[in-house]
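Let the sequences and hints guide you as you build the complete structure.
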Amino acid sequence: MSVSSPEANTGKRVRNFLIVLVAIALSVALVLGLRNQTSAVSLTHLDEESVPLEVALSNGKPSLIEFYANWCTSCQAMAPDMAQLKQEYGESVNFVMLNVDNSKWLPEILTYRVDGIPHFVFLNKAGEAIAQSIGEQPRMVMATNLDALVAESPLPYAQRSSGQVSKFTAPVTPADNADDPRLHSSQVVN
Numbered sequence: 001m002s003v004s005s006p007e008a009n010t011g012k013r014v015r016n017f018l019i020v021l022v023a024i025a026l027s028v029a030l031v032l033g034l035r036n037q038t039s040a041v042s043l044t045h046l047d048e049e050s051v052p053l054e055v056a057l058s059n060g061k062p063s064l065i066e067f068y069a070n071w072c073t074s075c076q077a078m079a080p081d082m083a084q085l086k087q088e089y090g091e092s093v094n095f096v097m098l099n100v101d102n103s104k105w106l107p108e109i110l111t112y113r114v115d116g117i118p119h120f121v122f123l124n125k126a127g128e129a130i131a132q133s134i135g136e137q138p139r140m141v142m143a144t145n146l147d148a149l150v151a152e153s154p155l156p157y158a159q160r161s162s163g164q165v166s167k168f169t170a171p172v173t174p175a176d177n178a179d180d181p182r183l184h185s186s187q188v189v190n
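Letter by letter, the sequence shown follows residues 1 to 190 of the UniProt record's numbering.
Please keep in mind that the hints were generated in silico from the structure rather than gathered at the bench.
Note that the structure is predicted; figures quoted are calculated from it, not measured.
Ideal placement from N, C-alpha and C gives every residue a C-beta, glycine not left out.
Incorrect hints may appear among the rest.
Said to hold, decoys possible - Here are the simulated distance ranges between beta carbons: (1) His45 to Asp115: 34 to 40 Å; (2) Ser153 to Ala25: 54 to 60 Å; (3) Ala25 to Asn59: 49 to 55 Å.
If you want it as structure tokens, here you go:
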């Protein structure tokens with residue numbers, strides 16, 4: 001059995017103390033680094049800052065409606081770009097956020113046939129839907145569509161579904177199924 005000298009024990013303690021300090025410093029740096037890398041923009045914040053739908057439909061400006069959910073990874077990934085776009089186009093375009101998990105928006109979910117999110121609906125100044133886009137879209141595509149929306153020109157990237165989509169199913173179906181062409185094969189003919 002070997003016995004350590006007091007100097008050796010002190011050296012081990014100093015070494016262990018330094019290892020603990022370095023570990024703490026690295027942990028703090030990691031936490032701060034991750035905090036800075038995560039999006040400072042949340043979907044909830046975008047929703048809180050968005051124009052209410054009633055206002056958007058009546059204020060004479062074109063609008064972009066985004067159907068989203070907090071659990072949607074594509075929606076989360078687009079949040080920083082959407083915040084930048086709102087900053088750039090907010091004076092000339094209404095940005096409206098509608099959470100598909102809120103049953104209050106069920107009539108709009110059914111009207112615009114939302115079955116994947118993010119789902120974007122572009123409305124002209126009169127509040128009429130002129131185009132839709134489904135899925136995660138590059139910032140440049142959204143900016144180009146917004147430029148066209150403001151200029152009252154055809155949207156170059158409308159009706160696209162090329163991006164990542166989170167599937168969504170409305171919790172109920174329309175009351176009058178006869179008007180829903182997606183359900184025509186389930187109608188009973190006598």
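How the hints compare with the structure:
1. His45 to Asp115: 34 to 40 Å: violated (26 Å)
2. Ser153 to Ala25: 54 to 60 Å: Holds, at about 55 Å.
3. Ala25 to Asn59: 49 to 55 Å: holds (52 Å)
In this structure, only the earlier hint numbered 1 is contradicted, and the remaining ones agree with it.
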